[in-house]
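Trainee: Go ahead and model the full structure; you've got the sequences and the hints to work with.
Residue numbering for the sequence shown follows this note's numbering, beginning at 1 and increasing consecutively.
Take these hints with a grain of salt, some might be off.
Restraint ranges, calculated between C-beta atoms of paired labels, are given here [said to hold, decoys possible]: (1) PRO12 to MET45: 22 to 30 Å; (2) ASP18 to ALA192: 39 to 47 Å; (3) ASP19 to LYS215: 36 to 44 Å; (4) ARG83 to MET145: 33 to 41 Å; (5) VAL190 to SER155: 23 to 31 Å; (6) ASP164 to LYS53: 14 to 22 Å; (7) GLU144 to GLY200: 17 to 25 Å; (8) LYS170 to ALA103: 33 to 41 Å; (9) ARG79 to ARG102: 21 to 29 Å; (10) VAL171 to GLY199: 14 to 22 Å; (11) LEU3 to ARG105: 27 to 35 Å; (12) GLY78 to ALA7: 13 to 21 Å.
The calculated DSSO-like cross-link candidates involving lysine-lysine, where the alpha carbons are at most 30 Å apart (straight line), are [stated by the list, open to error]: (13) LYS215 to LYS189; (14) LYS170 to LYS53; (15) LYS53 to LYS189; (16) LYS189 to LYS170; (17) LYS215 to LYS53.
Quick caveat, the hints were computed from the structure, so don't treat them as lab data.
Fair warning: this is a prediction, and the values are worked out from it, not measured in the lab.
Every residue, glycine too, gets a C-beta built ideally from N, C-alpha and C.
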Amino acid sequence: MSLLPPAIFEEPTWLTTDDGLQLEGLLSEVEGGRGWAVLCHPHPMHGGTMDNKVVVTATRTAAAAGLSTLRFNFRGVGRSQGRYGQGVAEVADVLAAIAAVRATRWLGFGALLGFSFGAVVSARAASETELGLDSMALIGLPLEMFEIPRPPLPSGGLQVVIGDQDQFCKVESARRFVAGYGSPAAVLKVVAGSDHFFGGHLGALSTALREGLPK
1 MSLLPPAIFE EPTWLTTDDG LQLEGLLSEV EGGRGWAVLC HPHPMHGGTM
51 DNKVVVTATR TAAAAGLSTL RFNFRGVGRS QGRYGQGVAE VADVLAAIAA
101 VRATRWLGFG ALLGFSFGAV VSARAASETE LGLDSMALIG LPLEMFEIPR
151 PPLPSGGLQV VIGDQDQFCK VESARRFVAG YGSPAAVLKV VAGSDHFFGG
201 HLGALSTALR EGLPK
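Mentor: In structure tokens:
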């Protein structure tokens, strides 16, 4: 049986976007950590927040790998200012989060992990701006719903992680997306028995994600 990573201590923080919005987040610093991870949540118009169980699992998995973490609410979600930006304006939110962690003393390995809508926005952000990532995980990438660019391959590789019963991403679509890189550093992980939301499969999701993080 795959075990879930342990809970971590997180403290509230605020991010400022280039268009002047304040976004709420939760920050966890690993003393003597090996780098950082930014986590992006699912669709704001369908109840997605930084407290989503997949995002929390990914956050704890990154922390267990020795990474300091930042998860945050996109614009218009929770106490974050602004309004839903169609997955376009939210690119600025991802850039603000990465700028915030880079402004700290966290150096080393840098990872960006997004779930569903968060994976879409992460892919767009990495495609539009050179982020200098070491790792990227696109979880539940909804290829049947969105036009999603193939972001540059990070130096330490990219994972697409889906359930084999995902309602919004066929396994074959994910295979084509990953195969488009033509590199073994781009990997597809399929969680058997899971749908898009990974209910009952969070331990297996954590195990899959761990393979793309520092050993």
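Trainee: Hint by hint, note whether the structure agrees.
Mentor: Each hint, compared with the structure:
1. PRO12 to MET45: 22 to 30 Å: holds (24 Å)
2. ASP18 to ALA192: 39 to 47 Å: Since ASP18 and ALA192 have Cβ atoms about 41 Å apart, the given range 39 to 47 Å holds.
3. ASP19 to LYS215: 36 to 44 Å: Cβ of ASP19 to Cβ of LYS215: about 38 Å, so the range 36 to 44 Å holds.
4. ARG83 to MET145: 33 to 41 Å: With Cβ atoms ~21 Å apart, the hint is violated.
5. VAL190 to SER155: 23 to 31 Å: 24 Å Cβ-Cβ, so the 23 to 31 Å window holds.
6. ASP164 to LYS53: 14 to 22 Å: holds (19 Å)
7. GLU144 to GLY200: 17 to 25 Å: Holds: the Cβ-Cβ distance is about 22 Å, inside 17 to 25 Å.
8. LYS170 to ALA103: 33 to 41 Å: Distance hint for LYS170, ALA103 holds at roughly 40 Å.
9. ARG79 to ARG102: 21 to 29 Å: holds (23 Å)
10. VAL171 to GLY199: 14 to 22 Å: Taking Cβ atoms as reference, VAL171 and GLY199 lie about 18 Å apart, which means the hint holds.
11. LEU3 to ARG105: 27 to 35 Å: holds (31 Å)
12. GLY78 to ALA7: 13 to 21 Å: holds (20 Å)
13. LYS215 to LYS189: Roughly 18 Å separates the two Cα atoms, so the pair holds.
14. LYS170 to LYS53: holds (22 Å)
15. LYS53 to LYS189: Holds - the C-alpha atoms of LYS189 and LYS53 are around 19 Å apart, at most 30 Å.
16. LYS189 to LYS170: holds (13 Å)
17. LYS215 to LYS53: holds (24 Å)
Hint compliance for this structure: hint 4 is the single one not met.
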